[in-house]
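J.: Chain residues, written in single-letter form:
There are 2 protein chains.
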Amino acid sequence: MNDTFLKACRGEKTDYTPVWFMRQAGRYLPEYQAVRGKVSFLELCKNPELCTEVTLQPIDIFGFDAAILFSDILIAMEAMGLTLEFHEGRGPVFPDPVRSQAAVDALIIPDPEETMPFVMETIKLLRKELKVPLIGFSGAPFTLATYLIEGGSSKVFLETKRMAFQAPELYHNLLDKITRCTSLYLQAQARAGAQALQIFDSWAGIWAPGDFERFALPYVQSIITDLRKMTDIPIIYFANNGSTLIDHSKNAGADVLGLDWRLNIGDAVDRVGDHAVQGNLDPIALFLPPDELEKRIKQLLVDASSAKGHIFNLGHGILPQTSPDQAKIAVDAVHRFSRK
Amino acid sequence: MNDTFLKACRGEKTDYTPVWFMRQAGRYLPEYQAVRGKVSFLELCKNPELCTEVTLQPIDIFGFDAAILFSDILIAMEAMGLTLEFHEGRGPVFPDPVRSQAAVDALIIPDPEETMPFVMETIKLLRKELKVPLIGFSGAPFTLATYLIEGGSSKVFLETKRMAFQAPELYHNLLDKITRCTSLYLQAQARAGAQALQIFDSWAGIWAPGDFERFALPYVQSIITDLRKMTDIPIIYFANNGSTLIDHSKNAGADVLGLDWRLNIGDAVDRVGDHAVQGNLDPIALFLPPDELEKRIKQLLVDASSAKGHIFNLGHGILPQTSPDQAKIAVDAVHRFSRK
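Respectively, the protein sequence lines represent chains A and B.
Using this note's numbering, read the first sequence as starting at 31 and increasing by one per residue.
Using this note's numbering, read the second sequence as starting at 31 and increasing by one per residue.
Hints may contain errors.
Reference excerpt, derived from the structure (chain A facing chain B, CB under 8 Å, subset only) [unchecked claim]:
(1) Arg-192
(2) Phe-195
(3) Gln-196
(4) Pro-239
(5) Ser-273
(6) Trp-291
(7) Asn-294
(8) Asp-312
(9) Leu-318
(10) Pro-319
(11) Leu-349
Here are a few chain B residues that sit away from chain A, every Cβ distance over 10 Å (derived from the structure) [to be verified]:
(12) Asn-32
(13) Asp-45
(14) Lys-76
(15) Gln-131
(16) Ala-136
(17) Gln-196
(18) Met-260
(19) Asp-312
(20) Gly-345
Simulated from the structure, these hints should not be mistaken for laboratory data.
Given the structure is predicted, the values throughout are model-derived calculations rather than measurements.
Even glycine gets a Cβ: it sits at the ideal position worked out from N, Cα and C.
Just chain A, with the same shape it has in the complex (with noise of 0.2 Å):
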């Protein structure tokens, strides 16, 4: 078993600078593509089968230090009692938006066990499997929310802000039925065998800080205080966009916080001194000419070299387009660069 990584979240010092890729169970893969030609999106998210199929792929062909389950963070949100459609190039789409208390009082809250027995099934599957650390995850509740407030993805989010500013008490009625939804869901996955956990806010950065600290951070840091209670893994934290937002998403009470690209790591650890930090390379670094890759990394981990535990990783999820020598190349280098 190699612990690097469960080592890095936890501020103990590793051999070398673990590393996973965003997205690394995706689209850039070939050997993914082969799968998914098959089944529609949902439906290889409810196959365990393939789910581990998937998962394993790219630490069997990288070598990455973690694997992070397959699955999509909407899926809990169907479980409470919405219809949830993929349309290719479009993205997620819920049709009944939820913008209404009869509508936030028709969400289940859903026995993740029960509603969701694939999930757990495939962390079962992958822990026979796997020589590294599993990642469970889910949204965050403002993330998952803004989905179904929208009906979808937005550019701006007015709906959601709107919600949040005109309708202040219903907005807190669906964040905190989301949240106990998610706080139940990960308590589950972690029960099943996930050996970590990550949070992804998606969709934090559209928030002015003092909004971040009203509308989405107490809702995370509810469902972090719930998993105290019954685990001790690591808990990543990823507000993404959101490099003006760390001063406040580190009290969210997670081990790790993961940064996007647009902050240099080392400013971000001169700040969250007390975390250790997930990141932070431009996914589109990966695109750079391999000896410039290579520099960059190395660069990247020197930066890092004063955190309490590092773990290499994009500042977001890698892109279809990317070549897999590419990320082959980047993940020898952060091997490589920090071995002591």
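For chain A, the structure is supplied; the task is to place chain B on it using the hints.
T.: Quick look at chain B alone, frame taken from chain A:
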């Protein structure tokens, strides 16, 4: 002549905090919609009488302390010899993206007076009518380049970064040509009578700090250096989603730094204290109930009170869905609360 805005730009004492809103002449105004209903967007941009009319509308209605020329940042790119189309709901499109040295070579450096006479004519008409200062503007070279390289708007700007990373010389040649065009264009606006100039770097926030320094900032610096040789009117640099970049963007050479809403304006002032600042209310804060909107504006004015100069503005353009009544409440609140 109300020169409060110009004084604040220069860091001189003012009786109150001047205010204008990005996109203040725009779709949220029924008066604008009435004009726009008669012509296409590009026709409007090229009609000095109609441009003058829509530019004046928000000044008359709300009492803003500055007017900004009604135009579009891509007008100057069309003048470089490219086909520009605006598609309803999709935004600007360049059917022939610029991705080769041949395509760069084909771009012309237009004489602004000759190719965009309607802009200079609009400025002259406006100066006859206005009792507040007139701001001219352009896009920043990097932001303009993204539209040319991507062929329109983008989400992750893969093609742009790919060119910068894989073909830096080609990228530089393109940026250099856009820079020369933009520099001449802004100089022509100043000659025609613009009393301040704003450079919009709408997509600056996609860069890691080091890449921003290499691939975006130098071109802005070059333009401002050129401008300083011929005029001392205030120059505003607005790097959108650039709250993580202000330690760099403060070196652009501008008098005023525009700020989006992702950073407390007081924290920004601490970091760029020798500049005046412009911003930075979340545009969606205009959807707050009036009393909360006023409270937020009051706090923002307090937070900005140690600034060398403060021009109140939104952190991005006013949204089409905004109620003009709320805009009026905001403008009045800025004036009332800031008066000594």
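J.: The structure should be examined with respect to each hint, and the outcome stated for every one.
T.: Results for each hint:
1. The criterion of a C-beta within 8 Å of any C-beta in chain B is met by Arg-192 of chain A, whose closest approach is roughly 5 Å, and the hint holds.
2. Below 8 Å, beta-carbon pairs count as interface contacts, and Phe-195 of chain A has one with chain B at about 5 Å; its hint therefore holds.
3. Against a cut-off of 8 Å between C-beta atoms, the interface hint on Gln-196 of chain A holds, since the closest Cβ of chain B lies about 6 Å away.
4. Annotation: Pro-239 of chain A was flagged as interfacial toward chain B, and the flag holds, the nearest CB pair being 6 Å apart, inside 8 Å.
5. For Ser-273 of chain A, the interface hint holds, since its Cβ comes within 8 Å of a Cβ in chain B; the closest pair sits about 4 Å apart.
6. Using the Cβ-Cβ criterion of 8 Å, the hint placing Trp-291 of chain A at the interface with chain B is satisfied: the shortest such distance is roughly 5 Å.
7. Checking Asn-294 of chain A against chain B: minimum C-beta separation of about 6 Å stays under 8 Å; hint holds.
8. Evaluation of the Asp-312 of chain A hint against chain B yields a held restraint, the C-beta minimum of about 5 Å falling below 8 Å.
9. At about 5 Å, the closest approach between the beta carbon of Leu-318 of chain A and any beta carbon in chain B falls short of 8 Å, and the interface hint on this residue holds.
10. Checking Pro-319 of chain A against chain B: minimum C-beta separation of about 7 Å stays under 8 Å; hint holds.
11. Here the hint on Leu-349 of chain A is kept, as its CB sits about 6 Å from the closest CB of chain B, short of 8 Å.
12. Even its closest Cβ contact with chain A, about 29 Å, leaves Asn-32 of chain B beyond 10 Å, as expected for a residue assigned away from the interface.
13. With a least CB separation of 28 Å from chain A, Asp-45 of chain B remains clear of the 10 Å interface cut-off, as annotated.
14. Look at Lys-76 of chain B: its CB is around 27 Å from the nearest CB on chain A, clear of 10 Å, so calling it non-interface holds up.
15. Every beta carbon of chain A lies more than 10 Å from that of Gln-131 of chain B, the smallest distance being close to 18 Å; the non-interface claim holds.
16. With a least beta-carbon separation of about 25 Å from chain A, Ala-136 of chain B lies farther than 10 Å from that chain, consistent with its non-interface assignment.
17. Against chain A, the non-interface label of Gln-196 of chain B is violated: not every CB pair exceeds 10 Å, the least being about 6 Å.
18. The non-interface label for Met-260 of chain B is consistent with chain A: the shortest C-beta to C-beta separation is roughly 35 Å, beyond 10 Å.
19. With a minimum CB-CB distance of about 5 Å to chain A, Asp-312 of chain B fails to clear the 10 Å threshold, and the non-interface call is violated.
20. Under the 10 Å C-beta cut-off, the non-interface status given to Gly-345 of chain B relative to chain A is violated; the minimum distance is some 8 Å.
In the structure shown, a violation is registered for the earlier hints numbered 17, 19 and 20, in ascending order.
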